[in-house]
Structure formats: C-alpha cells, structure tokens
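Asker: Top to bottom, those sequences are chains A and B. The first sequence: position 226 = 235 (our numbering), numbered continuously. The second sequence: position 122 = 117 (our numbering), numbered continuously.
There may be inaccurate statements among the hints.
Said to hold, decoys possible - Straight line, CA to CA, 25 Å or less: simulated DSS-like cross-link-like pairs of lysine-lysine:
#1 K4/B - K528/A
#2 K403/A - K90/B
#3 K54/A - K134/A
#4 K259/A - K196/A
#5 K4/B - K531/A
#6 K98/B - K403/A
#7 K396/A - K62/B
#8 K312/A - K132/B
#9 K173/B - K98/B
#10 K104/B - K396/A
#11 K300/A - K104/B
#12 K62/B - K528/A
#13 K90/B - K396/A
#14 K125/B - K312/A
#15 K396/A - K98/B
#16 K64/B - K528/A
#17 K475/A - K9/B
#18 K62/B - K300/A
#19 K475/A - K10/B
#20 K396/A - K101/B
#21 K134/A - K192/A
#22 K531/A - K90/B
#23 K54/A - K9/B
#24 K300/A - K101/B
#25 K125/B - K316/A
#26 K531/A - K132/B
#27 K524/A - K9/B
#28 K98/B - K528/A
#29 K90/B - K407/A
#30 K125/B - K531/A
#31 K90/B - K300/A
#32 K90/B - K312/A
#33 K64/B - K396/A
#34 K4/B - K300/A
#35 K10/B - K531/A
Hints in this document: simulated from the structure, not taken from any laboratory.
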Amino acid sequence: MIETFITSFKLQNTYRTNSIIYSLKQLLLIKRILPNSLYKNRGLKIFANIISILLEIINIFIGKIIYILAMIFVPLSWYNSNVSDTFIHLFMFLTLAGGVLNTYMLNPTKDKYYAIILMNIDERKYGLSNYYYQLIKLIIGFLPFTILFGMIAGVPLWIQIVLPFFVVAIKLIVMNYCIYHFKKTNKASNENIPTKFVWGFVAVCLLLAYGLPAINITINQTILLLVFIISIILGIYSLVKIHNFKDYRKMYKQILTESNVYMQERNAGTQALKDTSLKQIELDKTYTSNKSGFAYFHDLFVKRHRKILTTAVKKQSVVILVIFIAMIIGISVNDNFKSKTNEILMVYLPYFVFIMYCINRSSSVTQAMFMNCDHSMLTYRIYRTPKVILGIFKERLKTLITINLLPATLIGLGLALLLYLSGGTDNSLNYLILFVSIISMSIFFSVHYLVMYYLLQPYNVSTEMKSSTYKVVQGLTYIVCWYMIQIRLPIFSFGIATIVFCIAYCLISLFLAYKYAPKTFKLRV
Amino acid sequence: MKLVVRNLKKSFEKKEVLKDINFEFEKGKIYGLLGRNGAGKTTFFNCLNEDIDINEGEFYIEDNNNKRKMEAEDIGYVLSTPNVPEFLTAREFLKFFIDINQKRIKDLKTIDEYFDFMKIEEEDRDRLLKDYSHGMKNKMQMLVNIIANPNVLLLDEPLTSFDVVVSEEMKQMLREIKQNHIIIFSTHIMELALDLCDEIVILNKGVLEEVDKNNLNNEQFKNKIIEALKEE
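Extracted from the complex, chain A is given alone in its bound form (with noise of 0.2 Å):
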C-alpha cells in the first residue's frame, strides 16, 4: 500500500509539476520564450517540484486557518454565552456537517481519476492509501490552529488536541455509512452532488451551531467528552470496516465518470456545466424567433438558455429588494440607524464597484455562450467573417446590458431612495449621480467581460480554458475592486470619475473589439 502510495504522490506531483511549468508558459510576455523542452529542462522541473510541495504543505494549513478564523472564532464575538464552551459548540457541530459534505474517499478528483481510471493503479490500495494520507493531513492541519484559537478562547488544553482527532472520527463514521449504504444499494454517490438529506442534516447542524448560542444554550465540556468517546469507538469501528472493504473497483466505477470529474473545473468550463445547461434547453424547446441572420441565431440562444442567463439575476433582484425595504423598515424605526445609514452612503459609494462586480453575471454568461454556441460555431469558417462577428457580438452586448441592468437599476434606485429617505443630501444632483454611477458601473462590466471574451477568447475545442492571459486579466479585475472596498471617496467626486471612466472604457474596449475580434476570436488549437 505505501508503494502504491508512492507512486499516487509521484504521479500527482508530475502533473502539478508541469502544470505550473504550463501556466507559466502559457503567460502572455513569456510565452515565446519559453520552449517545449522545458518539460524536460531539470533545473526547472526541481523548482516547480519544490513550489508543487511547498503548495501541497501551505494547502494542508490555509484551509484550517480560514476555516476556524471564519468559522469558529469570529463568530464567537457574536454570542454572550461562555466563549470556551461557544468554541467547542460551534466546532462539534460544523464537524457533524462538514463530515456529510466532505468525505475524501467519496470526492471525484481528476487524481483519482488520472490514477485509477487512466493509470489503473490498485483502486482499494489507491482509495485508502489517499484517504489515511488525508486524514493525516487533516490532523496535522487542524492541530496548530485548534490549540493557538482555542488557548485565546480558553478552552482547556486537552480539548485543543482532542478536537482534530474528533473531526477524524466523525469522517470515518460517515465514510463506513457511505460503504454501508454502498454495500446495501450498489450506489456510490458523487459528494458534490448532495442529495437532499445531506442538505437537510447540513442545515440542521448549522442552525444547532450558530442558533442555540444565541439563546445561551451551548455544548459543555462533559457532553464533549462523551460525544467523543462515542465518535472515537465508532471511528475506530470504522475504520476496521473502510479498510476491510473490498469492492473499491466497482464503488470508483460509479464514482469517477468523467462528468463527475469535469464538474471539479465548473469555473473553467466543462462538459458537466455543458451538461447541466444542455438540460435546460430542452424544456424551452418550444421558443421560437421571427428574427432573420444572427439575429435569429442570438434570440433563439437567448430563449432556449433563457434559465441560466436570467434565473441567478431574479433571484438576486428579489434579494436587492428584501435588503432595502428591510433598511427603509429600520430607516424609519430608528434614528440612529437612520443618521448612521445617510452617513455611510456619502462615502462608500466606492464600495459599491465590489458589489456591483460580485452581482455581475457576464463572465459565466459569456462562458456558457462559448459551452453552447461558440464551441461549436467557432469552427465553422463564415461564422467568422467580420460580419457575422460583430453582428452577433453587438446582439450580445444588448442582452448582456440588459440581463445585468435590472439589479442595477434596482440598487441604483434604492440607493438613491435610502439617501433621500435618510435625511437627503446637500447636493440634489448627488441622486442622479448615484444612480447613473451604479448603471454605469453595471454596463460596464458587461462590456468589460464581453470584450475580454471577444479579445482573449480563453477556450479549446474541448472546452478547456487554454489562455493564463485571461486569467491574469479576470484576477486583475478582482483585485481592482476588492480594493475599491478600502476607498472612501463622497458621491460627487467618486461618481462623476466612475460615469466618466466607464463612459471612456466602453468607448475605447468597443473600438478594440470592433477592429480585434474578427481576428481573435477563434478557438484556440
């Protein structure tokens, strides 16, 4: 088993290997440098070795640190209740879920799937050889962060250790039920599809662990102790059955389909996200268009996909709603709230470039038009004419305008309302630029991300996302904004410079895309 392992972790550190000699390959400015050889350049293949280890060790603490920190130990400042006992609460039951929602074994990972499914390695030497190797990790992992988080919350030493061992035991348990189950049914089921008990009992122990602190009630020390004993009794039962069971072929089998695998990659666009939308199209099989040419092509694409473009920008208009008549409810009931409300909108206007970036649904709207329409388009030649190009890509830019134009019109509005209603502004022009900042913010990264995809067109003919340029320029995009979140600039000045930017950024992005697409947008080979 230690050799099979081995050789698992060797595979797996080839391909991280060269996977980071790819990226780096596939940037922009270097790419042209860089030779194919460099797969087999050693002094390079030891670097990337090194930073592919050095990721493997930092993956096994980053993790546990945000998990507790976000999880655990902020919240902690919410509660009135005693803190030792509100950690150890919290902690019990987010194992309990986390347990259901992760079991390792249970998780089609492209390494497995590279391994067992394409290297035919040992399924059962493989399964459990990675599963130990990350339960190990899990212990390593969480004993730093539970002894320094649980010392500042004076919680006493031996729970500090004891807690990874508990998380260990609860994953076993869960891991021998999903075998049972297995055994019983014949039906292994993918993790990240969690069926509706999974959910339920999820959101029952997220409700136990951060509700009943808020009516004091919490987990003590003594129920601790013997829930633990009882997890680490059935863990190690558990464990006896997971590594006595035998049928990992057939379990893996069912598991590692290739759809399951892709769904890992949803962000960089996949068979599974193909899947999924292909669904949709089926019960709109009944639109149909009066429209001629591209126009044609674009409206019937609008209609049959018309759930994934639309359903995420409804409900998050039904979200935007709920918040503001709940802070016009708490406008008008406290005056407080009221003064503090007005005092905040003045400035944070900046903050709102995050938002507006986080609600916009443009990249996986241009992604599932390259999943469904492009990817097969694109290799027909007159589909790229200039012509044809800039015909659909302005159909495009309309649709994509409008889809994110109701959330921003709605939070353009009830900003602009909540301003008025909080006490009002000096400057009455400051509505008007209130709400254009936010519409203007809103187009503009409609047109941002269109004209990326038109530009950087990031996608092969098998969907795989080929350009670190694109990734490079999405990353960008990200941090710009998040660092929006930091400035505090008022209404009138902010917005002025946001209209005039977004109006100066279209301009110059449509122009570029106008002369550029018809070159560039192809599919990558």
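Keeping the supplied structure of chain A fixed, place chain B upon it in accordance with the hints.
Answerer: Chain B in isolation, oriented as in the chain A frame:
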C-alpha cells in the same frame, strides 16, 4: 479555378511540421490527402482555415489567371468530430446558415429540399441537434458546409462515423458536387481514398507530393502509396 499553395511553412517551436508546401489544387477534383499519424494533415487544414497563423509562404485562389486572397466565404471545413449548435433544431440551423449566406447561394432551394438532398428524414428535421447521433451531426455539418457553397471544401476524416449505407450516399454526393468545388479529403483509409479521390496527395516529412497512378492497377498503386508513406 485553383487553390495555390506556395512555400507554406509552419513550425511549432523547433519542430517543422510543414516544411515547404507547394501545390495547386484544381476545381472539379477530389484530392485524397494521406499521411501518417502526426504528419501534419490537420495542421495543414488549420492553416488553410486560418485557425493558426502560418510562418512563411502564402495560399490564394487563382481564377482565370487572377490571383486573390482566400476569404472566409471561400472555405468550408468539415471536422472529424462534428460540431453543431445543440440548442437549435436542424431546420433552425439551416435557416441561420441560409440567412447569412443568402447572397452567395446560387439557385437557392427550400430547407426541405436540402434535407432531402442530404437524406435527413422528416421526423428528424425539427429535433434539437443535441439529440442527434454522431453520424447525424456529421451529416448536418457536411450539409451546411455544402449549402454555404464554398469554393474549397476541406474534409477531415468525414466518413468514418457513417454507417456503410450513409457512407456510400456521401461518396455519391461528393462526386456530384465536385464539379463546382475543390475538395481536399484527408483519410487514413486507403480503399476510401482510392475509390473516391481523383488524385492522391501524400504529406510526408512536411512536404506535399502527388502520387501518380500512371498505368498501375489498384493493388500496385496502393503499394506505391505505402512505400511513399514509409519513406524516411
């Protein structure tokens, strides 16, 4: 009308895939493009279709001694893996293609006539393309490329996914339309190439050359082609 390729070169880093391609493809003929795996057939097609940039050389259309650039409208490329927009029905896909090519289509037929021509059954015509089989999608891809009436038709292993009956139909169809087109047909199946193509062209070591049949019988010609392909 001819498609003329002059001194075409394409390298991927240091690897020269197409070294110096010089060839004239004439209208009215089907050219069988043969080459071993990795010889560069698809690269050659991708260059002509401008999917990738070439390093050197040129290719153009020569019509009545007038030389002109090969435009997007001049070329149709049928891939071995068919790609069709799955959210459209076959009828809608054809309508879209006819719409955008309207000016170029001589003696425009009705959509159903095109379906009849490609032998696509009535009950399939209003189905979403996502429900089509691989072979049916391939038929549709072939059909839209023929409707667009390009001067040059590049076919990359197009008949391999068809059953024997459809494959015969397609061969017959290609023979019918060849008078008005330059058809370049890449395949690994020697019998198919010998049966369908008027000329056999071999891509070997980055160079394109014609294999003359002269007075050889099919078996002798086949051996000659294999020898040419084996040449190091």
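Asker: Are the hints correct? Go through all of them and say.
Answerer: Tested hints:
A distance of roughly 20 Å separates the Cα atoms of K4/B and K528/A; the hinted pair therefore holds under the 25 Å criterion. For the suggested pair K403/A and K90/B, the alpha carbons sit about 20 Å apart, so the restraint of at most 25 Å is met. For a cut-off of 25 Å, the pair hint linking K54/A to K134/A is broken: about 28 Å separates their Cα positions. At roughly 9 Å between alpha-carbon atoms, K259/A and K196/A fall within 25 Å of each other, so this suggested pair holds.
Restraint check for K4/B and K531/A: the C-alpha separation of about 21 Å stays at or below 25 Å, so the hint holds. The suggested pairing of K98/B with K403/A holds, with an alpha-carbon distance near 22 Å, which does not exceed 25 Å. For the given pair, K396/A sits about 24 Å from K62/B by alpha-carbon distance, which is consistent with the 25 Å threshold. Under the criterion of a C-alpha separation no larger than 25 Å, the hint pairing K312/A with K132/B is consistent with the structure, at around 22 Å.
For the proposed pair K173/B and K98/B, the alpha carbon gap of about 21 Å is at most 25 Å, so the pair holds. Between the alpha carbons of K104/B and K396/A the distance comes to roughly 24 Å, so the proposed pair stays at or under 25 Å and holds. About 20 Å separates the Cα atoms of K300/A and K104/B, which keeps this hinted pair within 25 Å; it holds. Proximity of K62/B to K528/A is assessed by CA-CA distance (about 23 Å); at most 25 Å being required, the pair is judged to hold.
Distance restraint check for K90/B and K396/A: the Cα-Cα separation of roughly 17 Å lies within the 25 Å cut-off, and the hinted pair is therefore satisfied. The straight-line distance between the Cα atoms of K125/B and K312/A is roughly 16 Å, inside the 25 Å bound, and the hint therefore holds. With a CA separation close to 13 Å, the supplied pair K396/A and K98/B stays within the 25 Å bound. Taking the CA atoms of K64/B and K528/A, the gap is about 16 Å. The hint holds against a cut of 25 Å.
Among the hinted pairs, K475/A with K9/B is consistent with the structure: their alpha-carbon atoms are about 21 Å apart, no more than 25 Å. Between the alpha carbons of K62/B and K300/A the distance comes to roughly 38 Å, so the proposed pair goes past 25 Å and is violated. Annotation: proposed proximity of K475/A to K10/B holds, straight-line Cα distance about 21 Å (limit 25 Å). Among the hinted pairs, K396/A with K101/B is consistent with the structure: their alpha-carbon atoms are about 20 Å apart, no more than 25 Å.
At most 25 Å may separate the alpha-carbon atoms for a hinted pair to count; K134/A and K192/A meet this at roughly 19 Å. For the given pair, K531/A sits about 23 Å from K90/B by alpha-carbon distance, which is consistent with the 25 Å threshold. Simply put, K54/A and K9/B have alpha-carbon atoms about 21 Å apart, close enough for the 25 Å limit, and the pair holds. As the CA atoms of K300/A and K101/B are separated by approximately 23 Å, the hinted pair is consistent with the 25 Å bound.
Restraint check: the Cα-Cα separation between K125/B and K316/A comes to about 18 Å, which is no more than 25 Å; the hinted pair holds. Of the supplied pair hints, the one linking K531/A and K132/B holds, its CA atoms being roughly 21 Å apart against a limit of 25 Å. Simply put, K524/A and K9/B have alpha-carbon atoms about 32 Å apart, too far for the 25 Å limit, and the pair is violated. A hinted pair counts as satisfied when its Cα atoms are at most 25 Å apart, and K98/B with K528/A qualifies at roughly 23 Å.
Only pairs whose Cα atoms come within 25 Å are accepted, and K90/B paired with K407/A is accepted, the gap being roughly 23 Å. Using a Cα cut-off of 25 Å, the hinted pair K125/B and K531/A holds, with the two alpha carbons roughly 22 Å apart. Between K90/B and K300/A the alpha-carbon distance is near 11 Å, which keeps this suggested pair within the 25 Å criterion. Of the supplied pair hints, the one linking K90/B and K312/A holds, its CA atoms being roughly 17 Å apart against a limit of 25 Å.
The hinted pair formed by K64/B and K396/A meets the criterion: a straight-line CA distance of about 17 Å does not exceed 25 Å. At roughly 44 Å between alpha-carbon atoms, K4/B and K300/A are farther apart than 25 Å, so this suggested pair is violated. Restraint check for K10/B and K531/A: satisfied, since their Cα atoms lie roughly 24 Å apart, inside the 25 Å limit.
Checked against the numbered hints listed earlier, the structure breaks hints 3, 18, 27, 34; every other hint is satisfied.
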